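Q: If you count the sequence shown from 1, position 137 lands on 137 in UniProt numbering, and the numbers rise without skipping.
Hints should not be assumed to be uniformly reliable.
[Stated by the list, open to error] Once the Cα atoms are required to be at most 27 Å apart in a straight line, the calculated DSSO-like pairs of lysine-lysine come out as:
(1) K63 - K135
(2) K271 - K255
(3) K79 - K38
(4) K140 - K80
(5) K63 - K38
(6) K38 - K135
(7) K140 - K38
(8) K271 - K284
(9) K71 - K38
(10) K71 - K135
(11) K80 - K38
(12) K220 - K207
(13) K281 - K271
Calculated from the structure, these hints are not laboratory results. All values reported here derive from a predicted model rather than from experimental measurement.
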Amino acid sequence: MSSNRSRRHIGVHPLVLVNVSDHFTRDHLGLGDTVKNKLIGVLFGCQTGQSIHVYDSFELPFKQGESGTFKMNEEFLRKKLELLTAVFPTYELLGWYAVGQELSEEDMFIHREFGRFNESPLFLMLDPNITPETKELPVKMFESITQVINDVPAMTFVDIEFSIETVEPERITVDHIVKDGGDTGSRVSPLVRNLGELQNSVSMLTKRVRCLEKYLRLVKAGEIPVDHVLLREISGICNTLPLHNSQAFDDEFQKEYNDTLLIRHLATLTKGVAATLTLQKDLKFCSSQSDPDSVMKHL
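Using the sequences provided together with the hints, build the complete structure.
A: Next up, the structure:
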């Protein structure tokens, strides 16, 4: 059994890692510096022979008694699986994930619970405690095997190898996230950034055109000597400019300019209407309250 498992090819896709990291981040920000509750979820994907691909994951709510006993929300899990398999018929429950540093007896208990849904579930553990010097991905994958210890069979976790795999849409998405999320301190939208780059390019082009214009004026005035090679290059640049009907171009430009102003005006009106509706709701709430403190809290 163990030799067959060791030959399995396991591929984890980026969405799974993003989901697990996001799960921890939201819980961490909500509870402070320490994660008080265990964070677990379900790994979802497809398996064909010895090839396993973990494509997605979702969080799994559970209850934990005073004695530390774990009880998963099985009704939620089954409904979620029904919805997912309706959309992805080839997908199935492949295992579960947790956030932590060390394996525990509780992990083995949870692993046995997932054994009711998959005879050989995978267990992915994300270590949230990383440092700037950390070079390896803080993720480990485990499976369970049965070993005989002191003539007693017992299940233990075994660290197994896996690889990060992507398909073309995932690569495009990850590249987009890295490009837009690289500067965590900036809240500038991609549109504003692109427009800024366009403005810089136009400004640089304008400066160079004015420099050429100044040169031609000085040559015409006889203040500097004539450079025929440079004049031919300037003539070549001018000849590459597109020919167009000046009046038709001006009309089209004016039309686009007016459309832009109209869109901007409509956006301003929309913001004004939204602000008016918000003010109307606040006034309605204030008029219905007799307690000044509740009014101040609402505002």
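Q: Would you list, in rising numerical order, the hints stated earlier that this structure does not obey?
A: 1, 10
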